[in-house]
Amino acid sequence: MTQTADPRARVEERARNKFEAKRTELAEATLHTLAELGYARTSLREIAQNSEYSHGVLHYYFTDKLDLITHAVRQYEAICVTRYDEVVASAPDAEHLFSDFADKYFATLVADAGIHRLWYDLRNQALFDGLFRSDVLDIEARREDMIWRVVVRYCDLLGTTPTMDRASAYILLDGIFQRALLHHFAGNVDEIDAARGQLRAAFAMLDCAASSASAARS
23 MTQTADPRAR
33 VEERARNKFE
43 AKRTELAEAT
53 LHTLAELGYA
63 RTSLREIAQN
73 SEYSHGVLHY
83 YFTDKLDLIT
93 HAVRQYEAIC
103 VTRYDEVVAS
113 APDAEHLFSD
123 FADKYFATLV
133 ADAGIHRLWY
143 DLRNQALFDG
153 LFRSDVLDIE
163 ARREDMIWRV
173 VVRYCDLLGT
183 TPTMDRASAY
193 ILLDGIFQRA
203 LLHHFAGNVD
213 EIDAARGQLR
223 AAFAMLDCAA
233 SSASAARS
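The number in this note's numbering is simply the position in the sequence shown, starting from 1, with 22 added.
Just so you know, not all the hints are guaranteed correct.
[To be verified] Cut-off 25 Å, straight-line C-alpha distance, at most; resulting in silico cross-link-like pairs (SDA-like, lysine to any residue):
# : residue 1 : residue 2
1 : Lys87     : His138
2 : Lys126    : Met168
3 : Lys126    : Asp107
4 : Lys126    : Arg164
5 : Lys126    : Thr104
6 : Lys87     : Leu159
7 : Lys126    : Tyr142
Source of the hints: derived by calculation from the structure; they are not laboratory data.
Please put together the full structure from these sequences, using the hints given.
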């Protein structure tokens, strides 16, 4: 006979779930405020002043600004690490995959610029603060996997294999993105246009057939 779960355990579990759900709600609601203020200039009190939530409410659900920022970025990344999956699944050939990927790559750079800036800010802070370094490394690994799915499918469609390992491919494409993001905030339109060419060149480096053909011509 199956034993009935302890009612107190069920109550405690519901309370924990409710608490976590509220944390997620608050993190999502304050994400854009965090993106505008950045890590260094942000405190729970300042976040409260720029949102509909009181300082007391935020402090009840989060121990400090680091707890809130990390939770907010995790929620955002949980959605965004699948942003290219539809491109990967629906591309009929390598050229369409690259074109659709590039469109999304630069669209999110503009549409979510502040949130991307917050991510890079948090990643830089992890060099100094070990308290959330493991969280940053976990998010970084998920972003790396996201890019790798694109690279592998691109090469599959060409009938080749990647010339780089997943970490190197991620560093290459993320580096182009971060540099383009900086120029976006600086208003350097020409550099954003140049980044499109850099992305095309990066994909040529990732494909062993294209790389071999380039080497043979040189």
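Broken hints, by number: Every hint satisfied by this model.
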